[in-house]
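With the sequences and hints as input, model every part of the structure.
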Amino acid sequence: MGYFFWYDRVKGFGPRKKKILKNKMGEILQQTFVCFREGKREDLVKPKTMCKCKAKMKVHIEINLILWHISDF
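Under numbering that gives the first Met the number 0, think of the first position of the sequence shown as 0, with each following residue one higher.
Certain hints may be false.
Unchecked claim - Straight-line alpha carbon distances no greater than 27 Å define the calculated DSSO-like cross-link-like pairs of lysine-lysine that follow:
{"id": "1", "residue 1": "LYS51", "residue 2": "LYS23"}
{"id": "2", "residue 1": "LYS57", "residue 2": "LYS18"}
{"id": "3", "residue 1": "LYS53", "residue 2": "LYS21"}
{"id": "4", "residue 1": "LYS53", "residue 2": "LYS23"}
{"id": "5", "residue 1": "LYS57", "residue 2": "LYS23"}
{"id": "6", "residue 1": "LYS23", "residue 2": "LYS39"}
{"id": "7", "residue 1": "LYS55", "residue 2": "LYS16"}
{"id": "8", "residue 1": "LYS16", "residue 2": "LYS53"}
I should point out that these hints are in silico values taken from the structure, not numbers from a laboratory.
Quick look at the structure:
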């Protein structure tokens with residue numbers, strides 16, 4: 000994840016969490032990180048802050064091993 004965050008900062012973007020999937024005990028199983036410019040704002044808000052950026056990274060955790068791995072980039 001370090002490279003993804005570094006690359007975003009160098010190019011003038013930054014990551015944000017979009018989706019978090021948890022199990023019944025509240026433990027995080029999956030997180031999806033997207034560019035903070037991902038999406039499209041309504042016309043009432045400043046239109047320059049979002050530009051439909053497609054950058055995304057999804058990570059999963061193997062709970063038994065406490066090991067995170069990237070499943071989508």
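How the hints compare with the structure:
1. Among the hinted pairs, LYS51 with LYS23 is inconsistent with the structure: their alpha-carbon atoms are about 33 Å apart, more than 27 Å.
2. A hinted pair counts as satisfied when its Cα atoms are at most 27 Å apart, and LYS57 with LYS18 qualifies at roughly 9 Å.
3. For the proposed pair LYS53 and LYS21, the alpha carbon gap of about 24 Å is at most 27 Å, so the pair holds.
4. Distance restraint check for LYS53 and LYS23: the Cα-Cα separation of roughly 30 Å exceeds the 27 Å cut-off, and the hinted pair is therefore not satisfied.
5. Among the hinted pairs, LYS57 with LYS23 is consistent with the structure: their alpha-carbon atoms are about 20 Å apart, no more than 27 Å.
6. With a C-alpha separation of about 32 Å, the suggested pairing of LYS23 with LYS39 is violated against the 27 Å cut-off.
7. Between LYS55 and LYS16, the direct Cα distance comes to roughly 10 Å. Compliance with the 27 Å bound is thereby established for this hinted pair.
8. Restraint check for LYS16 and LYS53: the C-alpha separation of about 14 Å stays at or below 27 Å, so the hint holds.
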